[in-house]
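Residue numbers (my numbering), protein chains in the order written: chain W, 3 to 529; chain L, 3 to 529.
I should point out that these hints are in silico values taken from the structure, not numbers from a laboratory. This structure is a prediction, so every number in the text was calculated from the model and none was measured. Heads up, some of the hints might be wrong.
Because identical chains share one entry, a pair is satisfied inside a single copy or across any pair of copies.
[Unchecked claim] Straight-line alpha carbon distances no greater than 20 Å define the calculated DMTMM-like cross-link-like pairs of lysine to aspartate or glutamate that follow: (1) Lys67 with Glu375; (2) Lys72 with Glu329; (3) Lys439 with Glu375; (4) Lys402 with Asp377; (5) Lys409 with Asp377; (6) Lys409 with Glu452; (7) Lys240 with Glu348; (8) Lys488 with Asp209; (9) Lys66 with Glu375; (10) Lys66 with Asp462; (11) Lys241 with Glu112.
One letter stands for each residue in the lines below.
Protein chains: 2
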Amino acid sequence: MVEDKAGENKSSKSALKKEAKKAEKAAKKAEHKQSNAENQPAATPEVDVSIGKYGNLPVITSEKKDVERKFTYVLDLNKTLSGQTVWVRARLHTSRARGKQCFIVLRQREYTVQALLNVSEAVSKPMVKFSSSIPKESIVDVEARVSEVPNSIASCSQQDVELIVSQLWVVSQSAAQLPLQLEDASRPEKPEDEGLNIRVNQDTRLDNRILDLRTPTNQAIYRLEAGVCRLFRDVLTKKGFVEIHTPKIISAASEGGANVFTVSYFKGSAYLAQSPQLYKQMAIAADFDKVFTVGAVFRAEDSNTHRHLTEFVGLDLEMAFNFHYHEVMLTIGNLFTEMFKGLRDEYKNEISIINQQYPAEPFTFLDPPLVLEYDEGRKMLAEAGVEVGAEEDLSTPAEKLLGRLVKAKFDTDFYILDKFPLAVRPFYTMPDPNNPKYSNSYDMFMRGEEILSGAQRIHDPVLLTERAKHHEIDISKIAAYIDAFKYGCPPHAGGGIGLERVVMLYLGLDNIRKTSMFPRDPKRVTP
Amino acid sequence: MVEDKAGENKSSKSALKKEAKKAEKAAKKAEHKQSNAENQPAATPEVDVSIGKYGNLPVITSEKKDVERKFTYVLDLNKTLSGQTVWVRARLHTSRARGKQCFIVLRQREYTVQALLNVSEAVSKPMVKFSSSIPKESIVDVEARVSEVPNSIASCSQQDVELIVSQLWVVSQSAAQLPLQLEDASRPEKPEDEGLNIRVNQDTRLDNRILDLRTPTNQAIYRLEAGVCRLFRDVLTKKGFVEIHTPKIISAASEGGANVFTVSYFKGSAYLAQSPQLYKQMAIAADFDKVFTVGAVFRAEDSNTHRHLTEFVGLDLEMAFNFHYHEVMLTIGNLFTEMFKGLRDEYKNEISIINQQYPAEPFTFLDPPLVLEYDEGRKMLAEAGVEVGAEEDLSTPAEKLLGRLVKAKFDTDFYILDKFPLAVRPFYTMPDPNNPKYSNSYDMFMRGEEILSGAQRIHDPVLLTERAKHHEIDISKIAAYIDAFKYGCPPHAGGGIGLERVVMLYLGLDNIRKTSMFPRDPKRVTP
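Given the sequences, and given the hints that come with them, work out the whole structure.
Okay, here's the thing in structure tokens:
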């Protein structure tokens, strides 16, 4: 083992020497090309001992293929590498000159490490000066010796070591003026120090999303969001679901026609789908049995709230069942359980990084999940002094209160509310055969906010027509929908989940714009 | 083991008995409710010994939860179940009465089995008559004994057994008149019997997509398509890529403004994204390092060809690299190799079902994939008598010819063509530093058709501005794009893949409408 390591070091040292020569050449070339460029080491009367060890690299145009340099990840910089020479490509997070020294913090996604330049035999004054003048957020290549530190560095994620820099090259230079400071954007939001520290407001963040997304918190949020999608698909695929893709451009407004975006389509016009529901149901009528789809969903609602977007990512599923829609409802419930377990077990690190900036109680859930009937929910609310009529929907405040009551009683942030009043659900919802006031429909909640709405859909064209008439819907306008069930269709149920809401509520965040990488609302279509 | 099995049989028998009783009750109820309904066993003067064993079930409204009936999949019906009584829920594919018998073919997705009703002590004449009158495509519940057959049944997927029916219930009845026959839609396309058999044309299929999608071939195509998506994501996730979601509604036309759909957006207007490229690049500039996204892509091109859609599913990826764009190009090449291996190994059955209807040569590929330079491709074409200028793009016929030449020489249906002329690529493509006429860009081909176009993108705002000016692009209109690179950006490359094209070409199909579940073209926005 020891021999192997020595061997590795040797070969990596010779590679580094080669590299140093190459870099020197490149630097000279760069100097030649960009002799008038800013930040270029100025020609000094003294001999600069560090010439060829620092500067601006030319733009990487893939000129050379056989570069043998291996980069070490910032995450991997720790005591075990102590004494070794490494190359790191990272962002210059901050730099601070102090006399003959320059302290730099290098950042790579969620991880940071301190780097140090000291005027010495190998490091010239101009090199230190150059280092301190590199604009923050530039990408740099650093050659350095890993050095253990006596006192841990609290301001960096890598606290046990620092880097003693021997080469420093700018790979991609940032503009000197930043519209927001990463340090400000990364600052914890604690109510107690409100007003003491600079905050970056939501619009400034979103207007400069490229910078904002670089904070450790945002790096972690979008990695976790990718995890939610992956878990959703993996769990369902294992259960025999088939992924389908449904069209976003549709010929008729899917749900009643309100809140739909119009698209000009060649010489005519079309609409953007508000839900993939019809297509999921068609897939069921076409024998796919269990389907899911992940894709953009559009709502032309002029709602400027913390939880509405005009475009969001829908995680939708639909499933044929044999006898009872609970076969589907409990499949969805189990899907959530599996997702929550996956997040808890695989994203510990991300959750902890996010909690440092946005503190929240850990998300709790039961296995199997809690199922409450709507009437039980109403009773709990009534006991807390809030009356909800038997055929009335829950208001948002009532939903939130019920979430708190459920949490207090059952210690779960996730639950299923079953058997909603028929009167508050769409016409295609299957009525409860045992109580005509109720329906075979359910909502699911996270931290007291609805994240899924679903139901058994009417799969019989006669009953569907009857219910549509009862809702005073023009049958001729939904003929294509009704016809989907004309050639035999199994009983089925399903639901749709908003991805950004799930991530927001799982993490206990306060705004859906924190969990949509490029959010769209009535006032924002950029960047 | 034997004991266990016996136990299982016993309990399942008692469950079935219970079931039979329940079904009888249900049937009586159904009879009562729907006494005037069509296909209801008519009251005959003779006693019908099968009463309670057949009929139309009421619509399944989830009235009962504790139904213990277990269904057997058609796929699992084979000799090992011989002598056992099973319940099957499937479509009535065809039925044919012959004297005192009725032959039924039951279909479940890709699988079919023969079922037989014989007038006997247990099966009445009216029951056989009822059976033969059930409309094709209805969903039925069948109780039957599995019986080995002396001669294999060539017309069914389950060739060794048939079902001797003891109960037959209609769960969901199809309309009697079908706009297309599943048998016609499933018929192999062999050039030799052109004109002899009824075919279903593309538009009839698409107009009645719910029926068309029920053919074994379509069931297999969309299962395989789901597999392509899954493999794409799984391979990339293992390589450290992060899934992102990019907005479809954008404020400015992404690539030049031609061929873009306009959306009315509250009081203003917006566009549908033609590609997620800008957003993938922003994610790279925001330190996500390696990203992919799967989602709808919109092209307002009035192209009515076999391979164009106005909305398709883009499988897009983008990746930062250290020194050379081949780091990315070869990652994508390896992604394809892994996908092809996965399809070959995991979708044998689907491929064989599809090939029965649409015969095609098996897809061949090399590991690692073949990489040709554009100039080599030009030379091969020139040798075959087709001249392509050094700064000219390949025409579609030239592409196809080159595909055939490559296949003949290297025996691969997949290859990478590298170093396209700079003149034929978009302004943001990185020029080749070693030859200003060429660029760091590549296309990838399957069976001679392009399925991915990609390149190293210019990550330096100065060079990007210079190249845009060279292309006579109004800089003010792409300011937001250029600004994305202002705060430091690593060198990066990527590409975009059309899902439907990959599936079409992998399977050797002739039209992209065969691989889009609900295709959109200039003339079609329904269903």
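Outcome of the hint check:
no. : hint               : in the structure
1   : Lys67 with Glu375  : between (64 Å within a copy, 16 Å between copies)
2   : Lys72 with Glu329  : between (53 Å within a copy, 13 Å between copies)
3   : Lys439 with Glu375 : within (13 Å within a copy, 70 Å between copies)
4   : Lys402 with Asp377 : within (16 Å within a copy, 65 Å between copies)
5   : Lys409 with Asp377 : within (18 Å within a copy, 67 Å between copies)
6   : Lys409 with Glu452 : within (15 Å within a copy, 55 Å between copies)
7   : Lys240 with Glu348 : both (18 Å within a copy, 14 Å between copies)
8   : Lys488 with Asp209 : between (50 Å within a copy, 14 Å between copies)
9   : Lys66 with Glu375  : between (66 Å within a copy, 17 Å between copies)
10  : Lys66 with Asp462  : between (66 Å within a copy, 18 Å between copies)
11  : Lys241 with Glu112 : between (34 Å within a copy, 19 Å between copies)
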